[in-house]
Amino acid sequence: MTLDSGATAWILASTCLVMLMTPGIGLFYGGLVRRKNVISMVALAFLCYALVSLQWVLCGYSLAFGPDISGFIGGLDYFGLSGVGMDASDLPIPDILFAAFQLVFAGLTLAILTSGVAERIRLSSFVVFGLLWTTLVYDPLAHWAWGGGWAASLGALDFAGGTVVHISSGFGALAIALVIGKRMGFNESSMAPHNIPLTLLGAGLLWFGWFGFNAGSAIAAAGLASNALMVTNTAAAAGALTWLLASSIHGKPSAVGMVSGAIAGLVGITPAAGFVDVTSSIIIGAVAGLLCYLALLWRLRKGFDESLDAWAIHGVGGLWGAIATGIFACIGQTGLLSGNVYQFGINTLDALIAVGYAFIVTYVLALVIDKTIGLRVTEDEEYVGLDISQHGERANG
Amino acid sequence: MKLIKAIIKPERLDAVKSSLEEAGFLGMTITEVQGRGEQKGISLQYRGGTIEVDLIPKIELEIVVSAEKVSDVIEAVKKGAHTGKIGDGRIFVIPIEESVKIRNGEVIKE
Chain A
1 MTLDSGATAW ILASTCLVML MTPGIGLFYG GLVRRKNVIS MVALAFLCYA LVSLQWVLCG
61 YSLAFGPDIS GFIGGLDYFG LSGVGMDASD LPIPDILFAA FQLVFAGLTL AILTSGVAER
121 IRLSSFVVFG LLWTTLVYDP LAHWAWGGGW AASLGALDFA GGTVVHISSG FGALAIALVI
181 GKRMGFNESS MAPHNIPLTL LGAGLLWFGW FGFNAGSAIA AAGLASNALM VTNTAAAAGA
241 LTWLLASSIH GKPSAVGMVS GAIAGLVGIT PAAGFVDVTS SIIIGAVAGL LCYLALLWRL
301 RKGFDESLDA WAIHGVGGLW GAIATGIFAC IGQTGLLSGN VYQFGINTLD ALIAVGYAFI
361 VTYVLALVID KTIGLRVTED EEYVGLDISQ HGERANG
Chain B
1 MKLIKAIIKP ERLDAVKSSL EEAGFLGMTI TEVQGRGEQK GISLQYRGGT IEVDLIPKIE
61 LEIVVSAEKV SDVIEAVKKG AHTGKIGDGR IFVIPIEESV KIRNGEVIKE
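Residue numbers (this note's numbering), protein chains in the order written: chain A, 1 to 397; chain B, 1 to 110.
Everything labelled a hint here was simulated from the structure, so no lab data went into it.
All of these numbers come straight from a predicted model, not from anything done at the bench.
Where is the CB? At the ideal position from N, CA and C, for every residue including glycine.
Honestly, I wouldn't trust all of these hints.
As the list claims (entries may be wrong) - Have a look at the derived ranges for each label pair, beta carbon to beta carbon: (1) B:Leu26 - A:Leu20: 56 to 62 Å; (2) A:Lys182 - B:Gly49: 29 to 35 Å; (3) B:Lys78 - A:Val364: 44 to 50 Å; (4) A:Met184 - B:Gly37: 16 to 22 Å.
Input sequences plus hints: build the corresponding full structure.
Shown next as structure tokens:
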């Protein structure tokens, strides 16, 4: 394909937009934890990004997008990005730009997962876990959906990463949370967010970056990208309002609830952004807001300490988004509402397999690391907080 | 009239508030403070050396009651704040000369 300068410019910009989502999720999470762990939470996001950046150029990109091996994983032909050049081949943008655009997704995904280990993870163990997780969970899932793997061959639709990014990180967060155990004093003492404005700022950066995430996934600067941007924004707004409304039935309309709903809507529309129209996006976003809120309430009732709700928002929202794509697809593809039962079936199946794979592999990986080098900090370290114990720094003086 | 000043672990505050409520004591003032006891804080051992956390965040509660209720308050604070581990805190009892309600000027001396 010949190189398209318009598309190249837009994907360069989108890559930068999506990069900003990683510190965004760090700030979103950072505001939700107790003051003694805020540096740890934001630093984990940066750490994820730096780790995955190196892993991706060395082997991650090749495992995800290298020549297909049995539909499961890519070969190591592009190890160290060898052969990934400045010219366009299959897409109208330089190969190396596509690799960079995909890199920022991989970095963000690991950062979303840190929700499950908030306020109790040992930094050195997380480095090992993170590198293995992105290699064993993210890279295969990216290959299945986008790198010529089995899911794509069977026709499962995932426009910008509902299964690859959100199901994987959400269900991964739940699995590792179950292995690492509850925070000391969970359900006994208050663990109220220490800085809600920080969380709102993080959510704002996520919403902003999501335009690159979804509209960039069109890999074109044209109509499809524009539609993706519009449905993305619409779903976010619908999610924000339904969660706000639902939470106001239980108490006051919460600001954290509103932005959580926006993120739920954004997650829900992610796999569908290139395939649905604006009216469908209102439904997808609104249902995502409500469903993720109910998932959060269920999680609290069950007493699971998946601390910052990556499972409720990204896991459940991603699952809904994948199914909804199979229902509402009407642009370039057809879904259940257009009479395509197969699309609905294959999207649902693909999502459920991703749920199972992400949960089981994460659980086993976390268990192995916990039994060998230990995932969790000591009681004293947890008590004084990870900012001091892991970083030797304090947020405020 | 006595001032009871209790320094407790921040995560025990909810438990102390409810044990005080159960015993019928509702009024209190709390302050976020930092401090250390005889152990001089906590030191964390690492391969690269030691990190001293010599001032640990605590909550200070102040409760003013008539002299005969002091032991009830102390029991309630102990009940809520006790974990049996180092750093559970201290309770001090200090005499108060008088207390004035700003709204209506009521003066209490006993």
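Hints versus structure:
| no. | hint | verdict |
| --- | --- | --- |
| 1 | B:Leu26 - A:Leu20: 56 to 62 Å | violated (48 Å) |
| 2 | A:Lys182 - B:Gly49: 29 to 35 Å | holds (31 Å) |
| 3 | B:Lys78 - A:Val364: 44 to 50 Å | holds (45 Å) |
| 4 | A:Met184 - B:Gly37: 16 to 22 Å | holds (20 Å) |
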